[in-house]
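**Q** As a plain string of letters, each chain reads:
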Amino acid sequence: MCATCGCDANGNVTMHQPGHQHEHGDHSHSHVHPNKKIVDVEKDVLHENDLLAERNRGYFDAKNILSMNLVSSPGSGKTSLLERTLTDLKTTLDFYVIEGDQQTTNDADRIHATGTKVVQINTGKGCHLDAHMVMHAIQGMKPKANSILFIENVGNLVCPAMFDLGEKERVVIISVTEGDDKPLKYPDMFFSSTLCIINKIDLLPYVPFDIEKVKANAKKINPSMEIIELSCTSGEGLQNWYEWLKSKVLSPETVY
Amino acid sequence: MHELSIVMSIVDIVNQQAEASNASVVEEIEMDIGCLTTVEMNAFEFAWQQAVRDTSLEKTIKKINRIQGKAQCMDCDAQFSIENLYDACPACGEHLIHITAGKELRVKSLVVT
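Chains as they are written, first to last, in the working numbering: chain Z, 790 to 1045; chain U, 10 to 122.
Since no wrong hints were added, every one of them can be taken at face value.
Output of the computed footprint for chain U on chain Z, the stretches with three or more beta carbons under 8 Å from beta carbons of chain U: (1) 829-837; (2) 907-920; (3) 947-955.
Hint data in this document are derived by calculation from the structure and do not stem from the laboratory. Every residue gets a Cβ at the ideal spot worked out from N, C-alpha and C, and that includes glycine.
Go ahead and model the full structure; you've got the sequences and the hints to work with.
**A** Next comes the structure, spelled out in structure tokens:
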């Protein structure tokens, strides 16, 4: 196709050198093609997201807000873990929650019932949260300094791995009702997370889940990953999670 | 289906760059997509066709450089190729490796007129 007038001489792709003359089907005219040039771009595709993520990170750092991105497949117990955590620790720590789901405010309603300030992001057809959505959520929420912000991502072990939200810690949750080869099947999420929580351990007697195998698989992808086993139903192991959480909170006096 | 988000980011970058260089037509886009990124190429191609349909990029040629995964062992310093994030060092069997190539996802250059 001619780039100047858009006509197509034979209905086929044609190649022309700049500065030539050629026929154009039933109307002939001549013209000069502008010269081709190469534009060096060298830009990361997720550059815009990464810039906004750094902006969020700067906001969190300035206000000493511990931000955590919770990722998992649907049904691993992200919201249940938050409900337990908020209920058990709300008298000692300040919490805020951003909920990400394609539709409904069901999860935000559950968090709201614990008395915690929450914003629901509905992504519509989107399969992940991005830094831009989180930026607008925190603009509306205005979290206080020295607080903890949980960002519960859309239930999906693939897409959220690529999108930095500006979080300090990324926590991947799997449950014992899933396969123990999950880290190998979804390596990117385990590669980019700092903590792995294995949830629903009260069900271990009833399912063929090899907990040592899943830990070994997770460590193959991310040898420095920390792992905590717990059950939101029985409460077993929750104390380890709470201690880990408190160890990440910087006291206001140490931040300057 | 994060490939659609990635494609839309590429389209935005290309349109910004084309406008900044006063281009009327983008003939070719060259990009690097590492083999260790979570980009599924069939899904990428499908998303691309939908994203550029009836736009000025519909006939633009895509030149995609697939960058093979490479890593360096942090224990024994061996350098080797990897296909999966969980691959071990072939020299010492350790998993503590640093990925040196294969995570690229960038627009390199455009050919414009």
